[in-house]
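Kindly generate the complete structure, drawing on both the sequences and the hints.
Order-wise, the sequence lines are chains A and B.
Everything in the first sequence is counted per the numbering used here, starting at 12 for the first residue and increasing by one.
Everything in the second sequence is counted per the numbering used here, starting at 86 for the first residue and increasing by one.
Be aware that one or more of the hints could be misleading.
Covered by chain A, according to a simulated footprint, are these stretches of chain B (three or more residues, beta-carbon under 8 Å) [unchecked claim]:
1. 162-171
2. 265-272
3. 335-346
Treat the hints as calculated values from the structure; they're not laboratory data.
Idealized CB from N, CA, C, for every residue including glycine.
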Amino acid sequence: MFDLFTEGFAMAMRFDTMALMSIGLFAGMLVGSLPGFTTLMAMAILLPISFFMEPIVGIPFLLGIYKGGIFGGSVPAILISMPGTGAAVATSRDGYKLTQQGKSRKALDMALFSSVFGDTASDIFTIMMMFPIAYLVMQFGPPELFAVLLMSLVIIAATSGSNPLKSLIMMMLGLWLSFIGTDPLGGVERFTFGLFDLKSGIPLLPMLIGVFALPEVASVVIRNEKSRKLADLVGERLTRLEFRRCLPTICRSTVIGTGIGIVPGLGQIVAAMMGYTAAKNASKHPETFGEGEIEGVAAAEAANNAVNGPTMVPLLTLGIPGDNVTAILLGAFVAQGLRPGPQLFEEQGATVFAILVAMVIANLLFLVIGYLSIPFFSKIVTIKTSILIPLVIMFAFAGTFVFRSDPTDLLILVAFGVFGIIAKAAKFDVMPMVMGFILGPSMEYAFGQTVAMSNSNLFGFFLTERLGALAVLLVAPVLGYLLWKRLYSSDSIA
Amino acid sequence: MLKSFAKKSMAALAVSGAALAGTMTAAQAEYPEKPITMVIPLGAGGSHDLNARVITSIIPTYLNQAMIVRLTPGAGGQKGTQEVANTPADGYTLLFTHNYIDQLQQHVENLPYEPLEDFVTVARVNYAPIAVTVRADSPYETFADLVAASKENPGGVQMAHSGNWGALFVPAAQMMKALDMSWNLVPYQGGGPALQALLSGDADVTMGFPSSLASHVEAGKVRILATAGAERIYDDVPTFAEVGVEGDVGFMHRVVLAPADTPADVLETLAAAFNELGGDKTFNRMMGRLGENIDIITGDDYDAMRKEQSVAYKDLVDALTSQ
Numbered sequence: 012m013f014d015l016f017t018e019g020f021a022m023a024m025r026f027d028t029m030a031l032m033s034i035g036l037f038a039g040m041l042v043g044s045l046p047g048f049t050t051l052m053a054m055a056i057l058l059p060i061s062f063f064m065e066p067i068v069g070i071p072f073l074l075g076i077y078k079g080g081i082f083g084g085s086v087p088a089i090l091i092s093m094p095g096t097g098a099a100v101a102t103s104r105d106g107y108k109l110t111q112q113g114k115s116r117k118a119l120d121m122a123l124f125s126s127v128f129g130d131t132a133s134d135i136f137t138i139m140m141m142f143p144i145a146y147l148v149m150q151f152g153p154p155e156l157f158a159v160l161l162m163s164l165v166i167i168a169a170t171s172g173s174n175p176l177k178s179l180i181m182m183m184l185g186l187w188l189s190f191i192g193t194d195p196l197g198g199v200e201r202f203t204f205g206l207f208d209l210k211s212g213i214p215l216l217p218m219l220i221g222v223f224a225l226p227e228v229a230s231v232v233i234r235n236e237k238s239r240k241l242a243d244l245v246g247e248r249l250t251r252l253e254f255r256r257c258l259p260t261i262c263r264s265t266v267i268g269t270g271i272g273i274v275p276g277l278g279q280i281v282a283a284m285m286g287y288t289a290a291k292n293a294s295k296h297p298e299t300f301g302e303g304e305i306e307g308v309a310a311a312e313a314a315n316n317a318v319n320g321p322t323m324v325p326l327l328t329l330g331i332p333g334d335n336v337t338a339i340l341l342g343a344f345v346a347q348g349l350r351p352g353p354q355l356f357e358e359q360g361a362t363v364f365a366i367l368v369a370m371v372i373a374n375l376l377f378l379v380i381g382y383l384s385i386p387f388f389s390k391i392v393t394i395k396t397s398i399l400i401p402l403v404i405m406f407a408f409a410g411t412f413v414f415r416s417d418p419t420d421l422l423i424l425v426a427f428g429v430f431g432i433i434a435k436a437a438k439f440d441v442m443p444m445v446m447g448f449i450l451g452p453s454m455e456y457a458f459g460q461t462v463a464m465s466n467s468n469l470f471g472f473f474l475t476e477r478l479g480a481l482a483v484l485l486v487a488p489v490l491g492y493l494l495w496k497r498l499y500s501s502d503s504i505a
Numbered sequence: 086m087l088k089s090f091a092k093k094s095m096a097a098l099a100v101s102g103a104a105l106a107g108t109m110t111a112a113q114a115e116y117p118e119k120p121i122t123m124v125i126p127l128g129a130g131g132s133h134d135l136n137a138r139v140i141t142s143i144i145p146t147y148l149n150q151a152m153i154v155r156l157t158p159g160a161g162g163q164k165g166t167q168e169v170a171n172t173p174a175d176g177y178t179l180l181f182t183h184n185y186i187d188q189l190q191q192h193v194e195n196l197p198y199e200p201l202e203d204f205v206t207v208a209r210v211n212y213a214p215i216a217v218t219v220r221a222d223s224p225y226e227t228f229a230d231l232v233a234a235s236k237e238n239p240g241g242v243q244m245a246h247s248g249n250w251g252a253l254f255v256p257a258a259q260m261m262k263a264l265d266m267s268w269n270l271v272p273y274q275g276g277g278p279a280l281q282a283l284l285s286g287d288a289d290v291t292m293g294f295p296s297s298l299a300s301h302v303e304a305g306k307v308r309i310l311a312t313a314g315a316e317r318i319y320d321d322v323p324t325f326a327e328v329g330v331e332g333d334v335g336f337m338h339r340v341v342l343a344p345a346d347t348p349a350d351v352l353e354t355l356a357a358a359f360n361e362l363g364g365d366k367t368f369n370r371m372m373g374r375l376g377e378n379i380d381i382i383t384g385d386d387y388d389a390m391r392k393e394q395s396v397a398y399k400d401l402v403d404a405l406t407s408q
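Next up, the structure:
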C-alpha cells in the first residue's frame, strides 16, 4: 500500500501535470465566477481535450477546473450577492454584508484560505481512509438519505431566521415549489396548471439570482446612496490573527463537510449550510452571523470544499459516480483506459494515488493563483454604482439565459426578484425556501424508494431493518427544538 | 499510434476552442457551427452515460464540433425526452435514448410527445443483452434458486431497477409474468445506483449490462445467473430462453434520435458522422474496453424497427396490465 502511494506521489510530481492543472484552476475560477456558466459546463466542454493527454495529466486538468470553479462561484456571491450555485448560498449571507462594510478583500481571502484548508484536509483524510470510507458509503441507502435530508431541513428551518415559524412557512413554500413539474417517481404532472413551461419544473438558477441578487440591487437603487459606490474600500487583506480566530470553525466545518461527503446524495449545499449552522451554534455571539461575520464565510467555504475528497471514493473504489462532476471524471477515466470498478485499485493503484495526490497539489497551487487574483476581483465593488448596478442586472439576466437558453427563465427570474423584494420587506428569510426547494426532490425520491423497499409497510420496515434511519428521524425534531431554543433565547434575539 | 493521438488531441483542442468561441459569436456557416448537445434522459454512471462519454470523445473528429452530454434524468426518461421533443429541430439538440423509453412508454401512459411522430432516428449505435445479477455471497447459486425463492415468498425478493418501465424494469416484469413469480421492484435513479444497492445489500437482485458489470464480475463481487437472448454469452451461464423466458426479452438498443422536423441535410451529416464513427479504430477499442458491441444502423432502417417495436410492446403492455 505505502509503496503504491510513493509510486503515485512520484507520478504526480511532473511539470506538465502542474502546468495544466494551473491552467485548469485559472480557467475554472474565471468560468465559475460568471453566473450562469457552471463548472460542470466548463468540464464537459473541455473533457475531450483530456482524452488525449496521459491520465495523470488529463484528469488533474479536469480536477483543476472543478476546484477553481467552486471558488469562482463564491466570488459573485460575496461581491454582488449573486450565488451561481446552491453551494455558494451560505457564503453570500455574510460575504455580501462584509462587502457592504468595505471588507470584501478580507471575505474573499477567508473564502480562499478556508476552501483550500477544508479541501486539503479532506483529500488527505480520503487518501488515508479510502477503504473505510468505501465501506461507510455502502451503509447509506434511500431510508438513511431520506432521514438525513429531513434532519438537515429541520436544522435549517430552526436556525436560519429570527422567527422559526416564518422559516418553516418559507421552507414549506420551497418544498411546494419543488413539487411543480413532473413527479420524479410516477411521472404525473403536478401544479403545472397545464402550462407547458412548468412541466420540467422551476429551474434553480433564476430562483437563486432572483431572490438573492435582485433585492440587493433594488435596495441600492432605492437608497440612492450619496457615496455612489457599493463600498468605498476593498479593505485590508485578511490578518493572521483573524485566520487564527476562525481556525476552530474551519476545522469543525472540515469535519462536517467530510462526513457529509461520505453520504451519497447530500453534497456541497447541505455541507455549507450545516457547517454554517454549526459555527453559529457554537459561537458566543450568534447574533453577528448574517450581519457580516467573517467566521460565517469560513464555516460555509471550508465545509462545502471538504466534501470533495470523499465524493471521489465511490468512483475510485466501485466505478459508480456520486454526482455529475464525478460522472464526467468517470468518462475521462474510461477514455484513458482506466476501467473504474472494484479492480481499478488493484490494477492501477499507483495512478489512483497519483490522482489523489494531484488533488492536494491542486489545492496548494490554487492558494497562490487565488491569492494573486483576489485583488483584481475585489476591485469590482469600487466601481460607481451608476455603472455597477446596470452591470449586475445584465449579469443576472444574461447568466439566467445562457444556462439553458429558455426565455421563460427570464420571467421566472423577475418573478423571484419581486418575491425576494417583498419577502425582504416583510422580514421573511428566503434561505429556508431555497433550501427546501433544492433538497425537496432528493428527499421525495428517497422517500418513494423507501416506501417501495418496505413493501408499503413503512413502520415495520424502519423498526426491523433500518434502526439507524429511524433514530435520525426521531432525533431530528428534538435537535431542531434545542437548536432553536439555544440560538433564540430571550437574551440574544437576532 | 502516437502520431494519430497527437493529431487527435490537436483536433480536440481546436474543436473545444471553437466550441467556446462558438457560444459567443453567431457566424454563418454550415451545420454544425456550434457544439451539439446530446441529452441523456437517464442518470449518471449508467451504461448510457459511459457509452455517451466514448461517443462524444470521438465524434468531434468527424463533425468538427464538440458534442456535449447533458444528463436529464426524471420520470423514467420522459423528462429528458420531452425536453428534446420541444427544442428547435436544428440538429443542435439530440436525444440518446433506448427502445423502452422510446417505444414502450407510450403504451403505458399519456406522454407529452408522440415518439413516432416527434422523433426520427439519427443512428442506432449498439444493442446490449441484459444479465440477471446477484451478489457473489447471495444464497441464490443458480437462476432456478432465485425462481424457487421468489415463488415461495412472493414480493420477498427485492429487485433494484433503474426506473418504472425502464431498461431493467421491463425485462423483470416480463420475467415475472413468464415464470409466474413476483419480486418487489424498487426504483433507483439509474443503473449505477441500482448496482450500488445490490452491492450494499439493499437489493437481492438487479440486472445490468456487460459494460457496467464486467469489472464487478472479474473482481468476484457479483454473480450472473442468466443472460438475454438464445445464445450464451458466458459459457457457464444459461440464457433467458434456457430458463423459460422466451421471445424478445431483455435487449436494449441504444439509439440517437433527433426532433422530427430536423432538416434532411443535417440528418445526413449526422448519419455520415455516425457511420464513420462505427469504423473508427479508437472508438472500437474504447467500446471494446467497455464490453460493448458496435452495430450502427442509421435513419430509415432503424425507424422501421421502431414501428415494429411499438406494435410488439403494445401487445406486451396489454398482456401485463390486463391480468
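Now for the hints, and whether the structure bears them out:
Residues of the region 162-171 of chain B with a Cβ under 8 Å from some Cβ of chain A number 5, which satisfies the need for three, so the listed coverage holds. Here's how the region 265-272 of chain B fares: 4 of its residues keep a CB closer than 8 Å to some CB of chain A, so the rule of at least three is met and the hint holds. Note: the region 335-346 of chain B has 0 residues with beta-carbon separation from chain A under 8 Å; the three-residue rule is not met and the coverage is violated.
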